[in-house]
Amino acid sequence: MYKTIIEPSNGINLNLKEIWQYRELLWTLTYRDIRVKYAQTAIGFAWAIVNPLFTLLILSFVFGTVANVKVEGTDGVVVPHIIYTITGLCGWQYFSEVLAQAGGSIIGAQNMVKKIYFPRLIIPMSKAITAFIDFAVVIIIMIICMIIYQFPPSENIIYFPLFFIIAVVSGLSAGIWMSALTIRFRDFQHITPMLLRIGMYATPIAYPASAVPEKYQLLFYMNPMAGVVEGMRWCIIGGAPLHYYAYISFFVIFLFLVFGLMYFKRVERVMADIL
Amino acid sequence: MDNKIISVQNISKKYEIGMVASGSFRETFTNAISLSNKKRSKSSKDEFWALKDISFDVNKGDVIGIIGRNGAGKSTLLKVISKITEPTNGRIVLNGRVASLLEVGTGFHPELTGRENIFLNGSILGMTRSEIRSKFNEIVNFSGVEKFLDTPVKRYSSGMYVRLAFAVAAHLEPEILVIDEVLSVGDVEFQKKCLGKMNEVAKGGRTVLFVSHNMGAVRTLCETVIVLNGGKVAFQGDVETGVNIYLGMANENMSEMGQVNFTMENAVGKEELKLLGIRLKDELGNIKGTFSTSEEITLEIDYYLTEKVVNMRLNVRVLTGDDQILFAGSSHSKEPHSKNKGYYTCITKFSKDLLNEGVYKIWLQAGSPGYKELLPEQIYLKFTTEKLTSSGTMRDSVLPGYIAPVLNWEIITK
Chain G
1 MYKTIIEPSN GINLNLKEIW QYRELLWTLT YRDIRVKYAQ TAIGFAWAIV
51 NPLFTLLILS FVFGTVANVK VEGTDGVVVP HIIYTITGLC GWQYFSEVLA
101 QAGGSIIGAQ NMVKKIYFPR LIIPMSKAIT AFIDFAVVII IMIICMIIYQ
151 FPPSENIIYF PLFFIIAVVS GLSAGIWMSA LTIRFRDFQH ITPMLLRIGM
201 YATPIAYPAS AVPEKYQLLF YMNPMAGVVE GMRWCIIGGA PLHYYAYISF
251 FVIFLFLVFG LMYFKRVERV MADIL
Chain C
1 MDNKIISVQN ISKKYEIGMV ASGSFRETFT NAISLSNKKR SKSSKDEFWA
51 LKDISFDVNK GDVIGIIGRN GAGKSTLLKV ISKITEPTNG RIVLNGRVAS
101 LLEVGTGFHP ELTGRENIFL NGSILGMTRS EIRSKFNEIV NFSGVEKFLD
151 TPVKRYSSGM YVRLAFAVAA HLEPEILVID EVLSVGDVEF QKKCLGKMNE
201 VAKGGRTVLF VSHNMGAVRT LCETVIVLNG GKVAFQGDVE TGVNIYLGMA
251 NENMSEMGQV NFTMENAVGK EELKLLGIRL KDELGNIKGT FSTSEEITLE
301 IDYYLTEKVV NMRLNVRVLT GDDQILFAGS SHSKEPHSKN KGYYTCITKF
351 SKDLLNEGVY KIWLQAGSPG YKELLPEQIY LKFTTEKLTS SGTMRDSVLP
401 GYIAPVLNWE IITK
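Taken in order, these protein sequences are the chains called G and C.
Note that our numbering has the first sequence beginning at 1, numbered continuously upward.
Note that our numbering has the second sequence beginning at 1, numbered continuously upward.
Keep in mind that the hints were calculated from the coordinates and are not lab data.
It cannot be assumed that every hint is accurate.
Just the calculated beta-carbon pair ranges, DEER-fashion [said to hold, decoys possible]:
no.	chain 1	residue 1	chain 2	residue 2	range
1	C	Gly230	G	Met262	54 to 60 Å
2	C	Arg91	G	Val50	52 to 58 Å
3	C	Arg133	G	Lys3	50 to 56 Å
4	G	Tyr2	C	Asn261	42 to 48 Å
5	G	Ile139	C	Ser157	21 to 27 Å
6	C	Asn59	G	Met262	35 to 41 Å
7	G	Gln189	C	Thr298	54 to 60 Å
8	C	Arg133	G	Val50	33 to 39 Å
9	C	Lys14	G	Lys3	23 to 29 Å
10	G	Ala42	C	Ser157	37 to 43 Å
Dumping the calculated EDC-like pairs for lysine to aspartate or glutamate here, alpha-carbon to alpha-carbon at most 16 Å [stated by the list, open to error]:
no.	chain 1	residue 1	chain 2	residue 2
11	C	Lys352	C	Glu295
12	C	Lys52	C	Glu103
13	G	Lys265	C	Glu86
14	C	Lys83	G	Glu7
15	C	Lys339	C	Glu271
16	C	Lys339	C	Asp302
17	G	Lys3	C	Glu111
18	G	Lys114	C	Glu103
19	C	Lys14	G	Glu7
20	G	Lys37	C	Glu111
21	C	Lys232	C	Asp53
22	C	Lys14	G	Asp273
23	C	Lys83	G	Asp273
24	C	Lys308	C	Glu271
25	C	Lys192	C	Glu307
26	C	Lys52	G	Glu7
27	C	Lys83	G	Glu18
28	C	Lys83	G	Glu268
29	G	Lys114	C	Glu271
For each residue, glycine too, the CB sits at the ideal point set by N, CA and C.
Isolated chain G (complex conformation) (with noise of 0.2 Å):
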């Protein structure tokens, strides 16, 4: 039989099974999102691909015609710099859709916490799941890109699957401080953009992290998304493997992970109270 107990919980208690119990709520709130998100909207689902595209023309435009940042594949091959930008652009666009969805995420969806009990987590985890799509988005985007620029990936894109999923790690990581936080302090409803304005210039999308210089690159490879970017990049365009400190990065992330969960834990025994 099915039994319950409630009692004040004292310590973390992740209940990964819960979440799995519940694993239809968490499909069925990120169809809802993707159907909303272009709903009414006069060409729909073309914003998907009208908002990365632009990110990409600008940032090619400003680093690589403008600025004209040198970029260099394998065996000093010259890369176009539209697909270099496109590789470090992939990663971060989910990133940065992640972050932006879940921080408000729960606040948005406060009246299903204060009404239902269901484990809180599903909500910034269906905004990571949501943001598939935008993902798959700038792929295509990529794909294409290289079809036209005659660009044949490096054999290094087996491990791609690999940074995605340590990119999924980093988005949905955020995405949990960022809900957390933004129901204790709503003063991260304006921290948020300017963050992601920030990571979009910090995280090397269209500059190789090379272009660092020395004494600045460790605290460059503390941003959660630099090693992911330049992995992703390593994966399409191939060159020299990635820096030690790129793994500084990665176990960024993991405590990214570990405390954010905690905190988020923290907050949710309180949510339906101070929402």
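Since the structure of chain G is already known, use the hints to place chain C on it.
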């Protein structure tokens, strides 16, 4: 085997008033600073115990009403049982799946169609997709919105919206169903349908916890009640005793200001009659709680009939301060045989120089004799009378007795 399906053991829930809840950085920093300067004193007035040491057991198949005044802790209790918020102390053991219905239409999205919202709302309430699919036709039939299934619900009328939302909720099949005031929505006909459906649910052997201010619904649906007062269990037992205790508590809250008003949402009364307000006025039309014994007092009662009612009468009693009936009256001699749906005001007057100085109460009830009760009996108003002499100064001696009609004296000298 143990028949207990819910066991609530010493549950308490504390809220901190003005707690650093959803605050800003500045507050947190300021608090951090003041914390280092002097130990932040947390006086007990910052705390509020919504529930205090509540214990009760519910057997499988019981339909229990939870009643109490506003702020008695009913909603908090339901939230704790349905895991929405955590208790501060204590423990609850639930031997079955819980579905809570604290609101209908939770998670409904206006942009999505009726069909999509059925699936969305169903899975939020804990149904699996296959469960929803198997009940889909039933849900649609119950709601009566077949034609608009593929229309976004933002185009629905509020009635359609609520019907669809309730239809989904009504088809939940958990072992324990927790319901909060959902019946206060929709039109009368639909409310009846909901009550019927809930009766069906209750008879189907499911355990139901039902919070309501609608004593009629509580009487119809529940076998036992729990009366909460100030976050504690004041009574657990049979419905009649419980409802009377609750009404008694409601009386503690009666107005001494000469009027009580209700909104349509919290109006007292059965399905057909909603009591909206009761007022006491003096000859100049001022609403007061204190009158001079030499003033004529006007009693006005506002109510709304939600449907045509036959043979209705309003019964009024004036009680003494210690609840003895002083006199009673009924509106029946002036009532038409039947009254249509609509707003009504019923007016009567208590003549001057009748009441003594003291405290009196107004008791009210409405019904159609031999047919049904429309407004359960309750004491709503308390008022005071004072005797003023013609010069306006208070007389020093009070006559004994509940009434003090002015007697006409004739003195004959023989």
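These are the hints, each one checked on the structure:
1. Separation of Gly230/C from Met262/G is about 36 Å and departs from the stated range, judged on CB atoms against 54 to 60 Å.
2. Checked against the hint of 52 to 58 Å, the pair Arg91/C and Val50/G passes, with Cβ atoms roughly 54 Å apart.
3. Between Arg133/C and Lys3/G, the C-beta spacing of about 28 Å breaks the proposed range 50 to 56 Å.
4. In this structure the supplied range 42 to 48 Å holds for Tyr2/G paired with Asn261/C, their Cβ-Cβ distance being about 46 Å.
5. At about 44 Å, the CB distance of Ile139/G to Ser157/C disagrees with the hint of 21 to 27 Å.
6. For Asn59/C and Met262/G, the Cβ-Cβ distance of about 40 Å falls inside the hinted range of 35 to 41 Å, so the restraint holds.
7. Look at Gln189/G against Thr298/C: about 55 Å separates their beta carbons, and that is inside 54 to 60 Å.
8. For Arg133/C and Val50/G, the hinted distance range of 33 to 39 Å is satisfied, since their beta carbons lie about 36 Å from each other.
9. Checking the proposed 23 to 29 Å range against Lys14/C and Lys3/G shows it holds: the Cβ atoms sit about 26 Å from each other.
10. Distance hint for Ala42/G and Ser157/C: a CB-CB separation of about 27 Å, inconsistent with the stated range 37 to 43 Å.
11. Among the hinted pairs, Lys352/C with Glu295/C is consistent with the structure: their alpha-carbon atoms are about 5 Å apart, no more than 16 Å.
12. As the CA atoms of Lys52/C and Glu103/C are separated by approximately 25 Å, the hinted pair breaks the 16 Å bound.
13. Between the alpha carbons of Lys265/G and Glu86/C the distance comes to roughly 12 Å, so the proposed pair stays at or under 16 Å and holds.
14. For the hint pairing Lys83/C with Glu7/G, the CA-to-CA distance comes to about 10 Å; that is within 16 Å, so the pair holds.
15. With a C-alpha separation of about 15 Å, the suggested pair Lys339/C and Glu271/C falls inside the 16 Å cut-off, and the hint holds.
16. Of the supplied pair hints, the one linking Lys339/C and Asp302/C holds, its CA atoms being roughly 14 Å apart against a limit of 16 Å.
17. Using a Cα cut-off of 16 Å, the hinted pair Lys3/G and Glu111/C is violated, with the two alpha carbons roughly 37 Å apart.
18. Simply put, Lys114/G and Glu103/C have alpha-carbon atoms about 10 Å apart, close enough for the 16 Å limit, and the pair holds.
19. For the hint linking Lys14/C to Glu7/G, the alpha-carbon distance of about 14 Å falls within 16 Å, and the restraint holds.
20. A hinted pair counts as satisfied when its Cα atoms are at most 16 Å apart, and Lys37/G with Glu111/C qualifies at roughly 10 Å.
21. The straight-line distance between the Cα atoms of Lys232/C and Asp53/C is roughly 7 Å, inside the 16 Å bound, and the hint therefore holds.
22. With a C-alpha separation of about 10 Å, the suggested pair Lys14/C and Asp273/G falls inside the 16 Å cut-off, and the hint holds.
23. Straight-line distance between C-alpha atoms of Lys83/C and Asp273/G comes to about 12 Å, which keeps the hinted pair within the 16 Å bound.
24. Under the criterion of a C-alpha separation no larger than 16 Å, the hint pairing Lys308/C with Glu271/C is consistent with the structure, at around 12 Å.
25. Proximity of Lys192/C to Glu307/C is assessed by CA-CA distance (about 13 Å); at most 16 Å being required, the pair is judged to hold.
26. Between Lys52/C and Glu7/G the alpha-carbon distance is near 15 Å, which keeps this suggested pair within the 16 Å criterion.
27. Distance hint between Lys83/C and Glu18/G is fulfilled; the C-alpha atoms sit about 13 Å from each other, no more than 16 Å.
28. Among the hinted pairs, Lys83/C with Glu268/G is consistent with the structure: their alpha-carbon atoms are about 11 Å apart, no more than 16 Å.
29. With a C-alpha separation of about 29 Å, the suggested pairing of Lys114/G with Glu271/C is violated against the 16 Å cut-off.
Hint compliance for this structure: hints 1, 3, 5, 10, 12, 17 and 29 are not met, and every other hint is.
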